[in-house]
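Heads up: the sequence shown begins at 465 in my numbering, then just goes up one per residue.
No lab work stands behind these hints: they were computed from the structure. Accuracy of the hints is not assured; some may be wrong.
Here are the computed distance ranges between Cβ atoms for each label pair [claimed, not checked]:
| no. | residue 1 | residue 2 | range |
| --- | --- | --- | --- |
| 1 | E651 | V557 | 50 to 56 angstroms |
| 2 | A490 | F661 | 38 to 44 angstroms |
| 3 | G595 | H646 | 46 to 52 angstroms |
| 4 | G764 | V508 | 32 to 38 angstroms |
Idealized CB from N, CA, C, for every residue including glycine.
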Amino acid sequence: MNGLLIGVDGGATKTIAAAFDLDTGAVAVAETGPSNPEAVGYDVAAASINEAISGIASGGKSVAAAVFGVAGIDTDAERERLLSSVTRLDTPVMLAVNDVVTAWAAGSLAAPGIAAISGTGSNTFGVNAQGAAWRCGGWGHIVGDEGSGYMIAVHAIRAVLAYRDGRNDWTSLVPRLLDFYHLRHIEDIKPVIYRDFDKARIAAFAAPAADAADEGDEIAIGIFRQAATDLAEQISTVYAALEFGGPAEVTLIGSNFRAGEVFIGPLREHLRHVTGGQDFAAPQLPAVGGSIWLAARAAGAEHRMDARALAASLRDAEARGSLATPP
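Working from the sequences, and respecting the hints, build out all of it.
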């Protein structure tokens, strides 16, 4: 099997596409706008994916397989609708899965285990040794996304509003909110939430909330403890559903885990029955690498992949902002 393996990691904020050349080992990466159809619609999602692919898959190379890991893709109908809009590829194998599936593959190289995402949204997915799979969460910001950046930010904003009302004590989240959204008064947050709603923009406030927690703000610390409790419930549910029969490796993926022990510490305590006391695993590949790994498996080329070399190449290409086409 020769040619390119194409992987896509698409979310509510951005889309990253990568090509791995089975002949040379060369890697190219392209980044475009959001591709979560639940957030931006199928037309915009497909346009982002097509644009990203056009930056890495030209030059006459055949494509052995392509896997798109896209947030918001859950049903066969959604997969077919997205794939029918991808016009830039001619390949015998083209698959679309929820991005939590490719996150699991990035975490464990598609080996048994559980992956938990906490980025703009949240999602949890696992596969056991028998190949059975289960997903918990990922229901979006209106009815789900527990333990996500969006929910952390919403709770932080609520804490600021409660202080304004006199229902809550002072919290350093107040000046952080005003600074982050360039507001003069707390009341000015309403247009950000209602008139100009942008899920990713709201979720981004999770980072200043993490800074407040790191500096000892008790209200912010409580918000991250609650997020850990909520995410642990999802992970525990996947673990129970798949009947691992022993400890399971849990990989944490997403920007909110940069908060460190204020988030990961309570999560660790809640999940000792799942992990057997082992620490959480770091992803073995960047998220888009999980899509490439699944593409290699679909093409029967997994035995030709070197995870460390692929991870290094992807991180180097992303750092360079490489849009070069593999030779």
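Tested hints:
1. Distance hint for E651 and V557: a CB-CB separation of about 54 angstroms, consistent with the stated range 50 to 56 angstroms.
2. Against the hinted window of 38 to 44 angstroms, the Cβ-Cβ separation of A490 and F661 comes to about 41 angstroms, which satisfies the hint.
3. Between G595 and H646 the Cβ separation comes to about 50 angstroms, which falls inside the hinted range of 46 to 52 angstroms.
4. Separated by about 34 angstroms at the C-beta atoms, G764 and V508 satisfy the suggested range of 32 to 38 angstroms.
The structure agrees with every numbered hint stated previously.
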